[in-house]
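Novice: The whole structure should be built from the sequences, with the hints applied where relevant.
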Amino acid sequence: MSTPTIARVVLDTPLPQLDRLLDYRIPEGLEGVVPGVRVTVPLRSANRMTQGFVVELTDQQEHPGPLSDLDAIVSAAEVLRPEVWRLARAVADRAAGSAIDVLRLAVPKRQVRVEKSWLAARAAGTAHPEPLTIEPPTVTRYREAEVAALLAGGRVALGVDPGVVAVGDTWVGRWAVTLAQLAARTVVGGASAILVVPDHRDAHQLEAALGAQLPADRIVRFDSAQPDAERYRGMLRAMGDEPMVVLGNRSAVYAPATRLGLLAIWNDGDPLLSEPLTPYVHARDAALVRQEQQGGALVIAGHTRTTDVQRLVEVGWLTELTPERPRRVKVIPTAHATGASAEDHARIPSLAWREAAAATKTGPVLVQVARPGYAPGLRCAECGTAARCRQCAGPLQLHRASSAPRCLWCGREERSFRCTECGSSRLARVGAGSTRTAEELGRAFPGIRVVIADGERRVLEVDDRPALVVATRGAEPIAAGGYRAVLLLDGERMIARETLRIAEDCLRWWADAAALASDGASVFLVGVGGRLATALSASSIPAFARAELADRRSLGFPPAARVATLEGVPDAVTAALDALPAEADTIAERTVDGRTRALIRFDYAHGAAVARSVRGEIIRQAATRRKPLPGAPRPGRAPLPLRARFDDPEPFDES
DNA sequence: AGCACGCCGACT
DNA sequence: GTCGGCGTGCTC
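Numbers 927 to 1581, taken from the working numbering, label the letters of the first sequence in order.
Hint data in this document are derived by calculation from the structure and do not stem from the laboratory. Glycine included, C-beta positions come from ideal geometry on N, C-alpha and C. Take these hints with a grain of salt, some might be off.
Between beta-carbon pairs, the in silico distance windows are [claimed, not checked]:
1. Ala1047 x Ala1469: 20 to 30 Å
2. Ala1370 x Arg1344: 27 to 37 Å
3. Ala1508 x Ala1261: 45 to 55 Å
4. Arg1344 x Arg1538: 34 to 44 Å
5. Ala1261 x Cys1348: 27 to 37 Å
6. Gly1079 x Val1518: 22 to 32 Å
7. Gly1051 x Thr1512: 35 to 45 Å
8. Ser1001 x Val1518: 24 to 34 Å
9. Val1038 x Leu941: 18 to 28 Å
10. Ala1534 x Pro1008: 20 to 30 Å
Specialist: And the structure:
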């Protein structure tokens, strides 16, 4: 058996034309050329070197012309696993992007020291975790037969119970225990599990829950928020043959795992799972592709259900799995306080007020507000015109009760406000942020501890002593034993935002906060009625998702159909639109500042063909169209003449 | 991205 | 006649 003579290499370059495998001759005497290693290769003129990964070895030359020699091996670590390459290729193809862009999420920057110690440990045979001696754990709260069927390779939309439980001295959501049990059972069964969560707060809970199920050497953090060295170490640990649990944010979906038994996504509606880097593939979509390629169980779980998951349920790709005896949160929709009754306090209706007051005697009470800061809005007290910065016309805000108003955009302080309409210098506050709400509640509940948690003041946990915890949505700390009452205050304001997914977003924000309540505690949804209040209070989450998806379907909006935006120089966009398969519709097109944006829509069945067509045009345009505008030397690198973004969660947001 | 190849205007 | 303009195309 002769050794292969040709290496197929994916280059680390941003050029879409080079997003394919190139053949290189393996020179005599170059040892250790195996799939997965990082290499340097010549490109064009022999003294220009590019890095890349060896993807496969072969004797069959594909390139008709003469081949160059591989230059060198950067390191012996096979960091690009075959399953990760396959995934990156498919994910990129689905979004008309480059595989190398996906690989940048999957394979962290090389860390020489970390790698050396890993290679040394591997050579010494000390890189393996201890053999597992534990029994497969039961997945509590669910029917054993359904759990077994799931772990045999099922795909589910997983409903989870609300509430918090203690794991050692940490309190975690019940969801975290469920995912940890599923992962532990997978690992004890001899396969790896990947658990993807939106942010570090979720990861923290899940890590605690996993710690109760598995030894630490079976748990790997793989997370783009980690320092580079830790992240690289995480990836190397996940690469071994031994089953592991990999836990991390959206990039964890690309972690190496040769035998993948479970791939779980927590709270897929959270925008943090939407990848901001090209080709912008949502972690949920990457997970769907990966599970299809590698098999194993797929779990998409949340306190609510996204329309995307609902669609997958309706087409039969996912089945529903719920707890055997689902728990419910006691949600009480209440009208907004009118201020007319003597009992109404601030924005809080009297019923909620009384219960909250009683609850603060026994433990922490959560108050969810929409925005941080003091007064999110200011307007002229005379004529009501919104107060704006005289420099940049940005909105003025109050950050503390006593401070001067400040412009949200440029940060300039406004010490002598004059209304542009009527000339008045008197300002009136509009709305209340976390700081003002906390201040008012502090006055109303003298002697009670007030905790503020928002984007700036991060609080992960509070203890079980009485407190009022005022938190912006998404920043709610976990309370030991759960909150004794939950007040969702700014529902009206949250709903007022006009985005495509605002209804499901609101429901998710509320349900996630409500899930932090102690068992039996009351959750007050203030000022919101209608189908949203019904969905939350009657726990009719699937029915809501079904109705919401039906709405989108009647409007032709995602996720009922797929959409993509094409952006670039006008005739490049036009050419791309002309090249599209007939099944794709152009639903909007506009040109601003010499670049055109077009929004197209197509059915899932035609997604691959549309992506292929767009990709071809991107490559063609990148290869032929050099300068977007002759005679306009732009500083910095010019953007590609044509770019695409598939499945933008808010396609109608910009412009 | 770089860099070579290639086909039209001012020059020794 | 040739030097070199940068439009066009390729990179295994």
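Novice: Now tell me, hint by hint, if it's right for this structure.
Specialist: Here is what the structure says about each hint:
Between Ala1047 and Ala1469 the CB atoms are about 53 Å apart, so this pair departs from the stated range of 20 to 30 Å. Checked against the hint of 27 to 37 Å, the pair Ala1370 and Arg1344 passes, with Cβ atoms roughly 35 Å apart. The hinted window of 45 to 55 Å between Ala1508 and Ala1261 holds, with their beta carbons roughly 52 Å apart. Distance hint check for Arg1344 and Arg1538: the Cβ-Cβ separation is about 59 Å, which falls outside the suggested range of 34 to 44 Å.
Separated by about 34 Å at the C-beta atoms, Ala1261 and Cys1348 satisfy the suggested range of 27 to 37 Å. At roughly 48 Å, the beta carbons of Gly1079 and Val1518 sit outside the given window of 22 to 32 Å. Checking the proposed 35 to 45 Å range against Gly1051 and Thr1512 shows it is violated: the Cβ atoms sit about 60 Å from each other. For the pair Ser1001 and Val1518, the beta carbons lie near 46 Å from each other, so the given range of 24 to 34 Å is not met.
At about 27 Å, the beta-carbon gap between Val1038 and Leu941 stays in the expected band of 18 to 28 Å. Separated by about 22 Å at the C-beta atoms, Ala1534 and Pro1008 satisfy the suggested range of 20 to 30 Å.
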